[in-house]
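All chains, full assembly: derive it from the sequences and hints.
Heads up, the sequence shown is in my numbering, so the first residue is 1 and it goes up one at a time.
Since the hints were derived computationally from the structure, they do not count as laboratory data. Every value quoted in this text rests on a predicted model; they were computed, and no experiment measured them. Think of the CB as a built atom: it goes at the ideal place given N, C-alpha and C, for glycine as much as any other residue. A few of these clues could be false.
Unchecked claim - Derived DEER-like restraints, expressed as beta-carbon distance ranges:
#1 30 to 114: 17 to 23 Å
#2 7 to 165: 15 to 21 Å
#3 177 to 78: 38 to 44 Å
#4 66 to 125: 16 to 22 Å
#5 129 to 100: 17 to 23 Å
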Amino acid sequence: MTTSTERFDGWIGGLGTSAGLRVVVGHWPRSPYGPFTDVMLERPDGHRVLLAPTQQVADFVSTTYTFDEVRLVPVAMDVDTHTAHLAAGDLTATLTLGRRTPLGLLLRAVPTMLATAPRWIATIDAIARRVLPGVRTVGSAGHGRTEYYGARDLHRITEATVHVGGDDQGRMTDVDPPVRFGFGSTPTTPSWVRITALVVRTG
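Shown next, in the form of structure tokens:
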């Protein structure tokens, strides 16, 4: 039996809006597909949309998660210490990143080799579900693959403005109800999480 692993290093941001739109951003400076950012949206009626910058990224993400619609659009994200600016098709967002949380401090204290080891990630899944309701660290990625999320840092998103087609989506809210793209959601409280994601295929 052979095993292959694809590794993605970056950040995942999740937030809700008072208009009912829930937004999850994956910002991946290092991946098997080069640097990219993708955006997952869930509308108030439950319609799930993927915004992807290339067909290759769209194919990978849409076979790993579930969407009702996939769009190829230009996606760009600029991140500095306190702010993240996103443009994806007709969606724009500016996120204000807060200070590292106490949980973020704990995550940073875990050595990288341990924090990104599948056995460790699987072991802490039950703890993650209790500390951050809706969050899972391991689950099926479909097609005989398993995905592991190794969280390595966490900041709160303290403020956000989101526009779609020029329409303001209102004030930032919790991610409630949880998004339904895959085996888990983002933290309920708007968060910016440092992640190493491993997609492991065995066969």
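Of the hints stated earlier, which fail here? 2, 3
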